[in-house]
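Based on the provided sequences and hints, a complete structural model is requested.
So the sequence lines, in the order shown, correspond to chains L and W. Position 176 of the first sequence, counted from 1, bears residue number 176 in the working numbering, the numbering being contiguous throughout. Position 95 of the second sequence, counted from 1, bears residue number 95 in the working numbering, the numbering being contiguous throughout.
Just so you know, the hints here were simulated from the structure itself, not pulled from any lab data. Given the structure is predicted, the values throughout are model-derived calculations rather than measurements. Check before you lean on any hint, since a few could be wrong.
To be verified - Calculated lysine to aspartate or glutamate pairs in the DMTMM-like style (CA-CA distance at most 20 Å, straight line):
no.	chain 1	residue 1	chain 2	residue 2
1	W	K90	W	D149
2	W	K150	W	D132
3	W	K46	L	D158
4	W	K46	W	D13
5	L	K24	L	D77
6	W	K46	L	E122
7	L	K59	L	E69
8	L	K12	L	E69
9	L	K150	W	D49
10	L	K100	L	E122
11	L	K150	W	D54
12	L	K108	L	E69
13	W	K20	W	D49
14	L	K150	W	D149
15	L	K152	L	E121
16	W	K46	W	E115
17	L	K57	L	E41
18	W	K72	W	D132
19	L	K152	W	D54
20	W	K68	L	D158
21	W	K68	W	D49
22	W	K68	W	D13
23	L	K152	L	E163
24	W	K46	L	E15
25	W	K68	W	E105
26	W	K46	L	E163
27	W	K72	W	D49
What the hints assert, rightly or not - Each pair of labels, with its calculated beta carbon distance range:
no.	chain 1	residue 1	chain 2	residue 2	range
28	W	Y35	L	H149	18 to 28 Å
29	L	H149	W	K7	46 to 56 Å
30	W	T5	L	R160	15 to 25 Å
31	L	P56	W	N21	44 to 54 Å
32	L	A70	W	R70	47 to 57 Å
33	L	E14	W	R63	40 to 50 Å
34	L	R113	W	K90	34 to 44 Å
35	W	Y62	L	R165	23 to 33 Å
36	L	H149	W	P38	47 to 57 Å
37	L	V73	W	R63	41 to 51 Å
Here a beta-carbon is modelled for each residue, glycine too, at the ideal position from N, C-alpha and C.
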Amino acid sequence: MIEFILNGLPVKAEEGWTVLETAKFYGLEIPTLCHHEGLTEFGGCRLCLVEIGEPPKSKLVTSCTYPVEAGLVVRTDTNRVWAARRMMIELMISVAPGSKVLQDLASKFGVTRVRFTPRNEECILCGLCVRMCAEQMDGRAIGFQQRGHKRKISTPFDIRSEECRLCGACMYICPACQLRCQGPNAETALCNACLTMDPTCLEHYDELQCWMYDAGRCGTCVREKKS
Amino acid sequence: MDTDTTKIQSLIDKHRGLKKNLIAILLDVQESFNYLPPESLRQVAKSLDMPLIDILGVATFYRAFSLKPRGKHMCLVCLGTACHVRGGQKILEEIERKLGVPAGENTPDGQFTLETVACLGCCAIGPVVVVDGEYNGHATIRKVGPILDKCAKPKKSGQKRKAGAKPAGRRGGRTARKK
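Structure, rendered in structure tokens:
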């Protein structure tokens with residue numbers, strides 16, 4: 001067993017666990033997009049960022065790929081972490097505003113503006129479909145091509161692949177290529193309709209006193225504290 | 001087509017058909033065909049027992065590989081920071097105008113392929129234009145003509161270019177810079 005500090009509390013983890021796995025084991029909720037049980041870790045969406053180390057020298061790492069080590073100090077809900085996650089959500093919304101998963105995340109984390117020009121694509125390059133096809137379906141029909149701003153996921157030569165069995169697993173697992181719910185402001189890049197609902201908490205509570213902790217917190221306290 | 005297949009197979013055998021030599025194999029194929037034909041990629045995938053998509057991922061990732069047929073002569077214009085500051089963009093525009101194709105395309109006669117690069121690592125002699133591996137440093141708009149003419153000799157349209165470009169040879173370029 002490896003002992004380390006998670007959000008100020010001493011925790012124990014099995015050898016080989018990642019920070020994300022340990023956090024899940026202790027009931028801490030860390031948002032993820034490119035992580036999926038049964039698939040190899042990718043570390044591409046940067047939503048599961050956590051802060052490790054002591055403040056002056058602390059750094060952000062992806063918890064899904066970071067293996068636990070003895071004496072590690074991890075904080076999962078600092079302002080820095082939230083700012084980084086908001087930024088990532090903002091960037092991803094600007095790429096794929098049509099995704100309900102992303103819109104929900106935006107409302108949950110209080111992303112109320114998108115400062116980038118919407119690209120209206122249906123892919124955030126999380127690589128879930130590529131790993132799903134290769135690892136679970138043994139298809140290897142799709143993959144990353146090109147690089148930089150041209151990077152895309154496609155079949156060889158953009159035609160129907162001989163390896164593809166049309167199983168649909170890539171579409172099943174995709175967080176981006178589905179219709180978002182039709183909120184009141186559905187025509188803008190950012191929906192935020194969920195934010196107009198009454199907040200469930202009016203005061204700021206400590207992390208462990210929050211009674212939405214297990215179910216996934218509403219995020220009100222962090223929003224309130226920030227503004 | 002059959003000769004091509006045996007040719008590609010010999011290139012793969014040269015590298016002992018090992019997965020780790022994929023890039024070397026693709027470079028050899030690229031060298032002998034001047035581009036990577038789709039059929040060659042399928043054959044490489046089959047021989048190396050690799051998914052075709054992985055081969056394509058490599059082939060589209062590196063700028064050294066091209067899936068489109070390339071012209072006889074490769075013309076690279078550097079648009080890195082140093083070359084950009086010294087007017088690389090204007091030189092690119094001039095070459096685009098002279099060849100009549102945008103960057104990344106082949107000329108219709110198949111003589112030239114025009115590409116841009118981010119940096120060639122020789123910023124001191126920027127702006128740089130590389131034609132067929134020959135580095136032309138301190139390029140100016142006036143020098144563009146002669147640089148291109150050097151390799152496009154037996155061409156009808158090339159003569160017109162030559163006549164127009166001669167007075168603005170090496171010397172002309174230099175005086176222009178001094179001004």
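Now the hints, each set against the structure:
1. Restraint check: the Cα-Cα separation between K90 (chain W) and D149 (chain W) comes to about 19 Å, which is no more than 20 Å; the hinted pair holds.
2. For the given pair, K150 (chain W) sits about 10 Å from D132 (chain W) by alpha-carbon distance, which is consistent with the 20 Å threshold.
3. At most 20 Å may separate the alpha-carbon atoms for a hinted pair to count; K46 (chain W) and D158 (chain L) meet this at roughly 19 Å.
4. A threshold of 20 Å between alpha carbons decides the hint, and for K46 (chain W) with D13 (chain W) the separation of about 13 Å falls inside it, so the pair holds.
5. The straight-line distance between the Cα atoms of K24 (chain L) and D77 (chain L) is roughly 14 Å, inside the 20 Å bound, and the hint therefore holds.
6. Of the pairs offered as hints, the one joining K46 (chain W) and E122 (chain L) is violated, with about 32 Å between alpha carbons and a cut-off of 20 Å exceeded.
7. Between K59 (chain L) and E69 (chain L), the direct Cα distance comes to roughly 15 Å. Compliance with the 20 Å bound is thereby established for this hinted pair.
8. A C-alpha spacing of about 10 Å is found between K12 (chain L) and E69 (chain L), which places the hinted pair at or below 20 Å, so the restraint holds.
9. About 27 Å separates the Cα atoms of K150 (chain L) and D49 (chain W), which puts this hinted pair outside 20 Å; it is violated.
10. For the hint linking K100 (chain L) to E122 (chain L), the alpha-carbon distance of about 11 Å falls within 20 Å, and the restraint holds.
11. As the CA atoms of K150 (chain L) and D54 (chain W) are separated by approximately 17 Å, the hinted pair is consistent with the 20 Å bound.
12. Straight-line distance between C-alpha atoms of K108 (chain L) and E69 (chain L) comes to about 31 Å, which puts the hinted pair past the 20 Å bound.
13. For the proposed pair K20 (chain W) and D49 (chain W), the alpha carbon gap of about 12 Å is at most 20 Å, so the pair holds.
14. Distance check on the hinted pair: K150 (chain L) and D149 (chain W) sit about 33 Å apart at the alpha-carbon level, beyond 20 Å; violated.
15. For the hint linking K152 (chain L) to E121 (chain L), the alpha-carbon distance of about 11 Å falls within 20 Å, and the restraint holds.
16. At roughly 31 Å between alpha-carbon atoms, K46 (chain W) and E115 (chain W) are farther apart than 20 Å, so this suggested pair is violated.
17. With a C-alpha separation of about 26 Å, the suggested pair K57 (chain L) and E41 (chain L) falls outside the 20 Å cut-off, and the hint is violated.
18. Distance hint between K72 (chain W) and D132 (chain W) is fulfilled; the C-alpha atoms sit about 9 Å from each other, no more than 20 Å.
19. For the given pair, K152 (chain L) sits about 13 Å from D54 (chain W) by alpha-carbon distance, which is consistent with the 20 Å threshold.
20. Distance hint between K68 (chain W) and D158 (chain L) is fulfilled; the C-alpha atoms sit about 14 Å from each other, no more than 20 Å.
21. Restraint check: the Cα-Cα separation between K68 (chain W) and D49 (chain W) comes to about 24 Å, which exceeds 20 Å; the hinted pair is violated.
22. Note on K68 (chain W) and D13 (chain W): the hinted pairing is violated, with a Cα-Cα distance of about 25 Å set against a maximum of 20 Å.
23. Proximity of K152 (chain L) to E163 (chain L) is assessed by CA-CA distance (about 19 Å); at most 20 Å being required, the pair is judged to hold.
24. As the CA atoms of K46 (chain W) and E15 (chain L) are separated by approximately 40 Å, the hinted pair breaks the 20 Å bound.
25. For a cut-off of 20 Å, the pair hint linking K68 (chain W) to E105 (chain W) stands: about 9 Å separates their Cα positions.
26. The suggested pairing of K46 (chain W) with E163 (chain L) holds, with an alpha-carbon distance near 13 Å, which does not exceed 20 Å.
27. With a C-alpha separation of about 32 Å, the suggested pairing of K72 (chain W) with D49 (chain W) is violated against the 20 Å cut-off.
28. A hinted range of 18 to 28 Å holds for the C-beta pair Y35 (chain W) and H149 (chain L), which are about 23 Å apart.
29. For H149 (chain L) and K7 (chain W), the Cβ-Cβ distance of about 35 Å falls outside the hinted range of 46 to 56 Å, so the restraint is violated.
30. Distance hint for T5 (chain W) and R160 (chain L): a CB-CB separation of about 24 Å, consistent with the stated range 15 to 25 Å.
31. In this structure the supplied range 44 to 54 Å holds for P56 (chain L) paired with N21 (chain W), their Cβ-Cβ distance being about 47 Å.
32. Distance hint check for A70 (chain L) and R70 (chain W): the Cβ-Cβ separation is about 55 Å, which falls inside the suggested range of 47 to 57 Å.
33. Distance hint check: the CB atoms of E14 (chain L) and R63 (chain W) are about 44 Å apart, consistent with the given range 40 to 50 Å.
34. For R113 (chain L) and K90 (chain W), the hinted distance range of 34 to 44 Å is satisfied, since their beta carbons lie about 38 Å from each other.
35. Look at Y62 (chain W) against R165 (chain L): about 30 Å separates their beta carbons, and that is inside 23 to 33 Å.
36. For the pair H149 (chain L) and P38 (chain W), the supplied restraint of 47 to 57 Å is violated, since their beta-carbon distance comes to about 24 Å.
37. Between V73 (chain L) and R63 (chain W) the Cβ separation comes to about 43 Å, which falls inside the hinted range of 41 to 51 Å.
Checked against the numbered hints above, the structure violates hints 6, 9, 12, 14, 16, 17, 21, 22, 24, 27, 29 and 36; every other hint is satisfied.
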